[in-house]
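J.: First to last, the protein sequences are chains A and B. Numbered per this note's numbering, the first sequence finishes at 565, counting up by one with no gaps. Numbered per this note's numbering, the second sequence finishes at 80, counting up by one with no gaps.
Fair warning: there could be bad hints in the mix.
To be verified - A few chain A residues that don't get close to chain B, going by computed Cβ distances all over 10 Å:
#1 L86
#2 F116
#3 N165
#4 E311
#5 I320
#6 V324
#7 P448
#8 L455
#9 F479
#10 A489
Stated by the list, open to error - Cβ-to-Cβ under 7 Å is the rule here; a few derived chain A residues that face chain B:
#11 V449
#12 L452
#13 V456
#14 V459
#15 R464
#16 G467
#17 L524
#18 V527
If you're looking for bench data, these hints aren't it; they were derived computationally from the structure. The C-beta atom is built at its ideal place from N, Cα and C for all residues, glycine as well.
Here is how the chains run, residue by residue.
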Amino acid sequence: MALAFAGLLAPSRPFGAASLLLGQLLAALNFLFLERLVKLFTQASLSKAPADAAGARAGVLGWGGLKMAVVYGGAFALTRWNRLEIWPLVAGLSIPLAAIFLKAVMLALAPRRSPFGARKSVGSTLALALLAGALLAGGLAAAGVHPSRALAQRTVTQEEATPPAAHPGATAPEGSAAHTVSPPNAPPHDVPAEGGEHGGGGEQHLPNWLTILNDWLPGNPAVHWMHENEYLVFAWIAGLVFLAIIVIFMKRDALVPGPVQNAIEWVVESMEDVVGGMLGKHTHRYFPFIMAIFFYILTMNMIGIIPGFKSATSTLDVTLALALITFLFVQVSGIRNLGILGYLDHLAGSPRDVVGFAMLPVMIPVHILGELVKPVSLSCRLFGNIFGEDTLIVVFVGVAALCLKASLTALAVPPMLGITALFMLLQTLTSIVQALIFSLLTTVYLYMMLPHESHDHGHEHAPADVPHVSGSFPTEPKEVKS
Amino acid sequence: MTEKDPKKVTAWRQVGLLTTIPFILALAPIVGYLLGQYLDNRFHTRPWLSVILLALGFVAGVRETVNIIKLSQRED
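Generate coordinates for the entire structure from the input sequences, incorporating the hints supplied.
T.: This is how it looks when you write it as structure tokens:
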């Protein structure tokens with residue numbers, strides 16, 4: 084994670100990236116020394132032989148001195164470095180602490196007994212995925228990387244380069260409920276929606292409670308920050324909502340589960356069939372991550388249906404962050420399962436003959452491109468669908484507002500109630516389908532990366548036990564049918 | 005938990021795999037071109053890397069598609 088952040092920071096702030104990595108290094112060294120010291124302390128206090136206890140105490144002194152010299156000396160040396168950037172350093176120091184804190188919280192919240200095996204892991208992984216997503220999205224924001232704003236800015240630039248005559252009727256209706264997200268250098272909000280529903284001025288959306296709060300408290304920096312990073316705030320809210328649902332409804336060990344617990348268990352079991360069918364014996368390891376992604380995206384999508392809220396997945400910033408997490412997870416899983424050499428062999432297309440080796444200079448970039456396309460396709464699909472739904476609702480609410488303004492209430496009410504409700508129903512369905520597809524594709528990418536039986540090509544094969552483990556975790560050896 | 009029908013599971017896998025094809029086909033050349041543009045700007049080699057990576061993007065897209073179709077046809 085620190086490497087990813089450093090990579091994001093490096094082009095614009097190389098010393099910030101270096102500070103972040105140094106902070107991470109210091110934190111890692113600190114934990115290594117602490118682990119060693121705790122072991123020695125325990126040994127010194129539990130040892131019955133005086134010689135062993137004395138040796139352990141000497142070890143404590145030695146390692147303690149080394150820790151002082153390396154960690155605190157390193158920190159002091161860093162403070163003397165005039166290129167040091169303090170916030171990246173603090174972030175580097177804090178990432179492991181935040182992960183430990185979150186894990187402790189999850190352990191404290193975890194239920195005593197699980198009605199289904201993976202639930203505790205789903206909660207923990209969800210928390211870690213939330214942390215990673217939030218940090219990544221925050222990192223993208225801190226590094227000034229806003230893919231959606233960059234797209235909007237590019238669109239604006241193109242519009243400016245085009246003669247105005249090319250856009251007849253491109254003025255937004257006055258009194259429309261739609262807002263326009265302005266490019267970063269423009270005034271912060273409430274810019275008249277130039278471009279109207281033709282989308283010339285950027286993306287349009289309904290005002291949410293953050294917009295209202297920002298209008299109500301215009302000088303408040305916290306509110307302004309939340310308004311500027313509203314997608315991040317809504318992503319956090321979605322995560323907290325889902326965690327609350329899990330804690331409230333899944334903590335009870337009811338013999339007869341309630342409707343919410345029943346629904347969640349049904350979803351988990353159904354997903355388990357699908358994931359188990361693809362990943363086989365690897366299901367147990369990866370299922371929590373896949374379910375965490377599924378529920379997190381589902382909650383983010385569904386929260387946009389509530390008036391005053393917004394789907395965090397309707398921006399490329401969030402979907403790209405999610406896809407990057409998935410991409411990194413798949414690549415790390417590939418390295419763990421195949422080993423470094425096996426992973427490089429996979430990237431090279433598993434050459435086994437002279438022609439294969441001769442094609443390496445072409446095949447390696449082709450494979451790398453193939454891997455890079457996967458997160459982009461994941462993020463674009465999710466963003467496109469959810470953004471499309473939101474835009475449809477905005478357009479119909481805008482039409483209704485126009486009709487109301489023109490005193491055509493009879494015309495305004497049907498679109499307001501009927502068509503918008505219809506699209507909200509459609510949004511519910513699409514939200515579920517998109518969350519399902521994202522998690523399904525994550526499973527597919529994992530499936531393509533994991534080691535398979537060798538048939539006709541090195542990495543295109545099914546796991547050995549695919550047909551026999553569907554529907555349940557492979558906790559017991561399955562009987563192989565011939 | 006009851007044992008599930010392997011055909012249903014294979015069908016889910018096929019759905020997952022086959023729905024990726026349009027995205028892979030469309031986005032592979034785009035990603036290649038954008039990467040090439042970035043590298044061209046970085047190393048002042050315009051337009052060679054863009055063209056080369058665009059072509060490689062097409063190849064990567066087709067290759068991934070063939071792999072996906074092979075995987076989806078596997079009956080297991």
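J.: Does each hint hold? Answer for all of them.
T.: To see whether the hints hold, each was checked on the structure:
No Cβ of chain B comes within 10 Å of the Cβ of L86 of chain A; the nearest lies about 19 Å off, and the non-interface call holds. With a least CB separation of 40 Å from chain B, F116 of chain A remains clear of the 10 Å interface cut-off, as annotated. Every Cβ of chain B is farther than 10 Å from the Cβ of N165 of chain A; the closest lies at roughly 29 Å, confirming the non-interface assignment. Listed as a non-interface residue, E311 of chain A keeps its Cβ farther than 10 Å from every Cβ of chain B; the least gap is roughly 27 Å.
Chain B leaves I320 of chain A outside its interface by the beta-carbon criterion, the shortest separation being 29 Å against a cut-off of 10 Å. Under the 10 Å C-beta cut-off, the non-interface status given to V324 of chain A relative to chain B holds; the minimum distance is some 27 Å. Not every C-beta of chain B lies more than 10 Å from that of P448 of chain A, the closest at about 5 Å, which undercuts listing it as non-interface. Non-interface call for L455 of chain A relative to chain B: violated, since the shortest CB-CB distance, roughly 5 Å, does not exceed 10 Å.
The beta carbon of F479 of chain A is kept farther than 10 Å from every beta carbon of chain B, the shortest such distance being approximately 28 Å. Listed as outside the interface, A489 of chain A is consistent with that label: its C-beta sits roughly 41 Å from the nearest C-beta of chain B, beyond the 10 Å cut-off. Using the Cβ-Cβ criterion of 7 Å, the hint placing V449 of chain A at the interface with chain B is satisfied: the shortest such distance is roughly 4 Å. Interface restraint check: L452 of chain A against chain B, minimum CB-CB distance 4 Å, threshold 7 Å, status holds.
Interface hint status for V456 of chain A: upheld, as the beta-carbon distance to the closest one in chain B is roughly 5 Å, under 7 Å. Using the Cβ-Cβ criterion of 7 Å, the hint placing V459 of chain A at the interface with chain B is satisfied: the shortest such distance is roughly 5 Å. Annotation: interface hint on R464 of chain A holds; nearest CB of chain B at approximately 6 Å, less than 7 Å. About 10 Å separates the beta-carbon of G467 of chain A from the nearest beta-carbon of chain B, more than 7 Å, and the hint is not met.
Annotation: interface hint on L524 of chain A holds; nearest CB of chain B at approximately 6 Å, less than 7 Å. Annotation: V527 of chain A was flagged as interfacial toward chain B, and the flag holds, the nearest CB pair being 5 Å apart, inside 7 Å.
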